[in-house]
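2 protein chains.
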Amino acid sequence: MSENKFSELKNDRFLRALQRQPVDMTPVWMMRQAGRYLPEYRATRAKAGDFMSVCKNAELACEVTLQPLERYELDAAILFSDILTIPDAMGLGLYFETGEGPKFKKTVRTEADVLALPQPDVAVDLDYVMNAVTTIRSALGGRVPLIGFSGSPWTLATYMVEGGSSKDFRTLKRMMYQQPEVLHLLLDKLAVCVTNYLNEQIRSGAQAVQIFDTWGGALSTPAYEAFSLQYMRKIVSGLIKEHDGRKVPSIVFTKNGAQWIEQIADCGADCVGLDWTVEIGDIRQRIGDKVALQGNMDPSALYGSEATIRAEVKRVLDGFGDGDGHVFNLGHGIHLDVPPENAKIFVDAVHELSAR
Amino acid sequence: MSENKFSELKNDRFLRALQRQPVDMTPVWMMRQAGRYLPEYRATRAKAGDFMSVCKNAELACEVTLQPLERYELDAAILFSDILTIPDAMGLGLYFETGEGPKFKKTVRTEADVLALPQPDVAVDLDYVMNAVTTIRSALGGRVPLIGFSGSPWTLATYMVEGGSSKDFRTLKRMMYQQPEVLHLLLDKLAVCVTNYLNEQIRSGAQAVQIFDTWGGALSTPAYEAFSLQYMRKIVSGLIKEHDGRKVPSIVFTKNGAQWIEQIADCGADCVGLDWTVEIGDIRQRIGDKVALQGNMDPSALYGSEATIRAEVKRVLDGFGDGDGHVFNLGHGIHLDVPPENAKIFVDAVHELSAR
Numbered sequence: 000m001s002e003n004k005f006s007e008l009k010n011d012r013f014l015r016a017l018q019r020q021p022v023d024m025t026p027v028w029m030m031r032q033a034g035r036y037l038p039e040y041r042a043t044r045a046k047a048g049d050f051m052s053v054c055k056n057a058e059l060a061c062e063v064t065l066q067p068l069e070r071y072e073l074d075a076a077i078l079f080s081d082i083l084t085i086p087d088a089m090g091l092g093l094y095f096e097t098g099e100g101p102k103f104k105k106t107v108r109t110e111a112d113v114l115a116l117p118q119p120d121v122a123v124d125l126d127y128v129m130n131a132v133t134t135i136r137s138a139l140g141g142r143v144p145l146i147g148f149s150g151s152p153w154t155l156a157t158y159m160v161e162g163g164s165s166k167d168f169r170t171l172k173r174m175m176y177q178q179p180e181v182l183h184l185l186l187d188k189l190a191v192c193v194t195n196y197l198n199e200q201i202r203s204g205a206q207a208v209q210i211f212d213t214w215g216g217a218l219s220t221p222a223y224e225a226f227s228l229q230y231m232r233k234i235v236s237g238l239i240k241e242h243d244g245r246k247v248p249s250i251v252f253t254k255n256g257a258q259w260i261e262q263i264a265d266c267g268a269d270c271v272g273l274d275w276t277v278e279i280g281d282i283r284q285r286i287g288d289k290v291a292l293q294g295n296m297d298p299s300a301l302y303g304s305e306a307t308i309r310a311e312v313k314r315v316l317d318g319f320g321d322g323d324g325h326v327f328n329l330g331h332g333i334h335l336d337v338p339p340e341n342a343k344i345f346v347d348a349v350h351e352l353s354a355r
Numbered sequence: 000m001s002e003n004k005f006s007e008l009k010n011d012r013f014l015r016a017l018q019r020q021p022v023d024m025t026p027v028w029m030m031r032q033a034g035r036y037l038p039e040y041r042a043t044r045a046k047a048g049d050f051m052s053v054c055k056n057a058e059l060a061c062e063v064t065l066q067p068l069e070r071y072e073l074d075a076a077i078l079f080s081d082i083l084t085i086p087d088a089m090g091l092g093l094y095f096e097t098g099e100g101p102k103f104k105k106t107v108r109t110e111a112d113v114l115a116l117p118q119p120d121v122a123v124d125l126d127y128v129m130n131a132v133t134t135i136r137s138a139l140g141g142r143v144p145l146i147g148f149s150g151s152p153w154t155l156a157t158y159m160v161e162g163g164s165s166k167d168f169r170t171l172k173r174m175m176y177q178q179p180e181v182l183h184l185l186l187d188k189l190a191v192c193v194t195n196y197l198n199e200q201i202r203s204g205a206q207a208v209q210i211f212d213t214w215g216g217a218l219s220t221p222a223y224e225a226f227s228l229q230y231m232r233k234i235v236s237g238l239i240k241e242h243d244g245r246k247v248p249s250i251v252f253t254k255n256g257a258q259w260i261e262q263i264a265d266c267g268a269d270c271v272g273l274d275w276t277v278e279i280g281d282i283r284q285r286i287g288d289k290v291a292l293q294g295n296m297d298p299s300a301l302y303g304s305e306a307t308i309r310a311e312v313k314r315v316l317d318g319f320g321d322g323d324g325h326v327f328n329l330g331h332g333i334h335l336d337v338p339p340e341n342a343k344i345f346v347d348a349v350h351e352l353s354a355r
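As they're listed, the protein sequences go chains A and B.
Going by numbering that gives the first Met the number 0, the residue at position 54 of the first sequence is 53; the numbering climbs one at a time, nothing skipped.
Going by numbering that gives the first Met the number 0, the residue at position 212 of the second sequence is 211; the numbering climbs one at a time, nothing skipped.
The following block holds chain A by itself, in its conformation from the complex (with noise of 0.2 angstroms):
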């Protein structure tokens, strides 16, 4: 597969500010951009019948990667998909119970468990993500490039193992602290797995990749290191650095992470995300212009009125400073009961307050 048989890219912004380049404006694009929030989404949904038949079908992930760029200025695509696709097609079986978020029918809590577990092939087993990639790739039409996505090898454990969402991941603490060899074989397999399944996006057409440690907070210092960053570390140095002539950048986003902001910018990535915990002038004085940053601003603050959307997008610039290397965004996914015309007012906020 080649760059070839995709258009040329138009508005190279994000790609830009990832790798700290001068750009006109600052590019924005909002985490969960495709989502419930929408009516349009929710009408696609209803005709898929549900979020992972969505997933599943390459027209449909591609019309809902594009729904918000119809109404938004938006300077990134991300691919729609799940972050649990990896363990799904390990056999887990993923389903998703209303209101309680994922499930699996399948746990991973013991040695037999974690070595029984398939290695996917990830053009295979997971090539309805690949199919999805390419059909948006070329939907977009060079319009913004598209991000491809994983969840972080830890953060996918968390459901492995618990079997769901969990308040205190206390299942995987146990085996954390009790058997701590049969975790790491558990990451490590994840590890090559996410790897292998990024830079198969990367060659269906992800121009960058991001991957999200959601989990990741729950850890003490140590224990991040050993259990999470290490394994994302070895992600980012076995990712595509280069396809098709362009630098494919790569963005490591650990939630309630600030407090190793220094390890995880030398973790190998182009760019690291922050929730909107911390102050984005903070961390930037703390790392200097090692990274690019992308954050931060509450999701939460979209509830508010034009006037103090407008205020917390400034306040979000005027942390980050000058000088290049700021991918603006949410410090979370967008929130599914804000109003839509708030994000129009935050993304124009977003170009207007930041134009040079």
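Because the hints were derived from the structure by calculation, they are not lab data.
Hints are not guaranteed to be accurate.
Same chains, same names: a pair is fine if it fits in one copy or spans any two.
Straight-line C-alpha distance at most 20 angstroms; calculated PhoX-like pairs for lysine-lysine [as the list claims (entries may be wrong)]: (1) Lys254 <-> Lys166; (2) Lys246 <-> Lys9; (3) Lys240 <-> Lys343; (4) Lys166 <-> Lys102; (5) Lys246 <-> Lys233; (6) Lys233 <-> Lys289; (7) Lys233 <-> Lys188.
Using the hints provided, position chain B relative to the given structure of chain A.
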């Protein structure tokens, strides 16, 4: 009420450490030390019927408060109660649904709701708490000091506005960004009540007090100052500082709040609690010896072997380093499925490994 009615304090390690005075060994207690991991607690609770019936009966509250002291060489007892007694006294109707955590029959979402909230007379409306404090203090016979506590205004507001537990506090955050003045009205009312509540606990026999800000870490930096820390500062400044000739130290604990440690250390409290996601040594470097530090072992480390638990205890002790002002604790409440014998290993290890 006079101190004279109570026995003289035999073990003042905890109170001394809170004031950064020398101790023979590091004092230790565990958040939620009276709780479901103990079979004797489960027996008392079964006898009482439910959780709030234990809280509201001074004899039973005393019984469960003392249970962990019978098993472990703890250096403090903590009042058995709930952080939501104040909103309950304000008429919101606290109840517990099995497996779902606390709920309120009424919520607080409008200015009218806030204005309608009565300011409780804590000595009368929360007399069951004060009776429990006095009963426990008497029963302790001076063995160890008794800690009183309250939720922080922000943390109480999360439950009052959401009507129970919440993942991302969307209703409260909407209020914060849309009607900050209404939220301030609520927080102000709560701050007055928490101050009165803690002072009445002190008059009733509490020898130190802790403010639990469980959900302050969900805020952005300016919002944390405006909506959580500001009110804790007001409370601390209004606390009785000495009672019957002895200093009454205060502890402030914001989970996931270490990014604001400098500001928290300046709030007037004697001690700052830390969760397990930060290194206590790094924190001490940042703030020096301005306040005592409480924490901060991962509660999940208690799932480990004796060797693992002892190694974690040593790591935290070494992290704090030499000098005074360390109260050892878990970084959050002990998990309900920890084997009771592991808590003994933990408590004994703190004393043994820290003996001067």
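Consistency of the hints with the structure:
1. In the homo-oligomer, the alpha carbons of Lys254 and Lys166 lie at most 20 angstroms apart both inside one protomer (15 angstroms) and across protomers (14 angstroms), since each shortest distance falls under that limit.
2. In the homo-oligomer, the alpha carbons of Lys246 and Lys9 lie at most 20 angstroms apart inside one protomer (16 angstroms), although the nearest pairing across protomers, at 68 angstroms, exceeds that limit.
3. Proximity of Lys240 to Lys343 under the C-alpha cut-off of 20 angstroms is found in neither arrangement, the shortest distances being 33 angstroms within a copy and 51 angstroms between copies.
4. In the homo-oligomer, the alpha carbons of Lys166 and Lys102 lie at most 20 angstroms apart both inside one protomer (14 angstroms) and across protomers (17 angstroms), since each shortest distance falls under that limit.
5. For the homomeric pair Lys246 and Lys233, the shortest alpha-carbon distance inside one copy (19 angstroms) is at most 20 angstroms, but the shortest distance between copies (53 angstroms) is not.
6. Taking the shortest Cα distances, Lys233 and Lys289 sit within 20 angstroms of each other inside one copy (19 angstroms), while across copies they are farther apart (40 angstroms).
7. Taking the shortest alpha-carbon separations for Lys233 and Lys188, only the intra-copy value of 12 angstroms comes in at or below 20 angstroms, while the best inter-copy value is 51 angstroms.
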